[in-house]
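Q: Residue numbers (the numbering used here), protein chains in the order written: chain X, 1 to 185; chain Y, 1 to 322.
If you are wondering where the hints come from, they were derived from the structure by calculation, not from laboratory data.
Since we're looking at a predicted model, the values are computed, not measured.
Treat the hints loosely; a few may be bogus.
Said to hold, decoys possible - Facing chain Y, from chain X, some residues (calculated, C-beta under 10 Å):
| # | residue |
| --- | --- |
| 1 | 11 |
| 2 | 15 |
| 3 | 30 |
| 4 | 89 |
Stated by the list, open to error - Pair ranges (Cβ atoms, derived):
| # | chain 1 | residue 1 | chain 2 | residue 2 | range |
| --- | --- | --- | --- | --- | --- |
| 5 | X | 29 | Y | 41 | 42 to 50 Å |
| 6 | X | 5 | Y | 249 | 47 to 55 Å |
| 7 | X | 150 | Y | 6 | 39 to 47 Å |
Note that the Cβ used here is the ideal one computed from N, Cα and C, for glycine as well.
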Amino acid sequence: MSKYNSYPDDELIKRLGSGDEKAFTEIYHRYWEKLLAIGFYHLRDKQSAEDIVHEVMLSLWTRKEGLVIQSLPAYLGTAVKFAVFKSIARDKRRRELLAGHTIPMHSEDLEEKLEARFLQEYMQGVVEELPGKAKLVFNYSRNEELSVSEIAQKMDLSPKAVEYHMTKALRALRNTLGKIKSFFV
Amino acid sequence: MVLYFMTESYIEELIQKYAEGTASEDELQQLTDWYRFSIDEIQWPSNDAAEKQQVYNRMLVRLKNEMSPKHTRIISFSWAKVAASVILVLGIAALLTYLKPFSPAYISIANPPGQIQLVQLPDSSQVWLNASSTIRYRKKFNQKRELELDGEAYFQVTHDPGHPFIVKTGELHTTVLGTSFNVKAYRSGQTTSIAVATGKVKVDTDNRELGVLTASSRLQFDKQQQTVKIATTDTSAISAWRKGKLQFVNETFGDIASVLESWYGTKIVLASPGISHCRYYMTFENTISLGKLLTTLSSLTEMKYTIDEKNNVVTISGKECR
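The task is simple: from the sequences and hints, build the whole structure.
A: Printed below as a string of structure tokens:
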């Protein structure tokens, strides 16, 4: 019985980040069946369910260095949701191709758009982890589209300070993205 | 609350709107409701232990194949197509090229529980794979004939002094020139064991050489203690499994349980952990049912067992040893 059995999830996440394949295998061992069950529950097809698990676990491996995962069930849960959506979008496109329908331009990009949504939700998660002021500045700018001076007024900071926090936020996000060499698997 | 039946095409429509950001609050809620499930109630719909093991092995092998560093994939996405708000905020323009993955240079064979498989390697060497065992090797051997093993296999290696044959099992490497030998290295087992029928093999880890074995000798490596034991062994006992027997010669119950887990594809839990140190000599025909085997076992050893059919788990308790 290997000792990886006894490691808690965050120990496994840490080791996974440094490329530990045994940690990855243990994560697979812990979650494969649930992921398979979720895939099958929504797609009603055993092969598709297997493909879902494959996609989710493989992307976990390829993204391992850049990921900021708080909880494996939460991350895997989100990943499997998007994998299910993408699978449905893919099947739709395949059916339309077979039926000879002309594909409206936008539906070819559906998978990429779903990936973008995953990226968005994931990035939002990263934003949640930013230190207090940087997070506020970022959200004011992005969600409420306030200008630097408006934010400065709202937070009672100098414009220079606002720009400092904004840079901090952007740098954190850019670093996270930079480490993820293959985000779109 | 979903008050109407959601057709497949309606769900596809919702997903499309969701992706494009054109879904209304109501539609977003519908999609959430459709996707929602109760994590405790959700289950893989098969109680067939053999099938489960097969699926587990198959998916793991498929993953390992694509995780190998030989397959570096460069993925591309055009930033122009990604959600505009994300690009604006990040202010990054990046272009990577997406290349289709090339066909794998490795072959993986995952043998399920309850059967033995014979495999011929590119150099005509023969490998008998025991239950729940997986091997992985290059389609075309290079200078070294290398093979990874998780489980148990018996090798008959073609003699080729110019190209050493190496079996990798976890941290151990077993190097041979041309010979017949058995390697037992189940990931869940306490020990890895290499026994030679004919010829000579060398066993080492990355740091040190553990031993050179000649005919009728066996090396046992305790993975936890990191200790090595070399002893002479009965040649026929070396791979009795190939002849359809579950044979244990002074094996610890921990290792016996491992073998049974692999053969039957069932999880075995030792409720009294100390029984894993007890050693036994016993032989069964591999066609015996697990229930009958357990009954025989308990009548001979004072062990008690329970079978949980729903979750496919056998629990064994008994007097502890050492």
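Q: Does each hint fit the structure? Answer for all of them.
A: Hint by hint, here is what the structure shows:
no.	hint	in the structure
1	11	violated (18 Å)
2	15	violated (15 Å)
3	30	violated (12 Å)
4	89	holds (6 Å)
5	X:29 <-> Y:41: 42 to 50 Å	violated (22 Å)
6	X:5 <-> Y:249: 47 to 55 Å	violated (28 Å)
7	X:150 <-> Y:6: 39 to 47 Å	holds (43 Å)
Against the hints set out earlier in the document, violations occur for numbers 1, 2, 3, 5 and 6.
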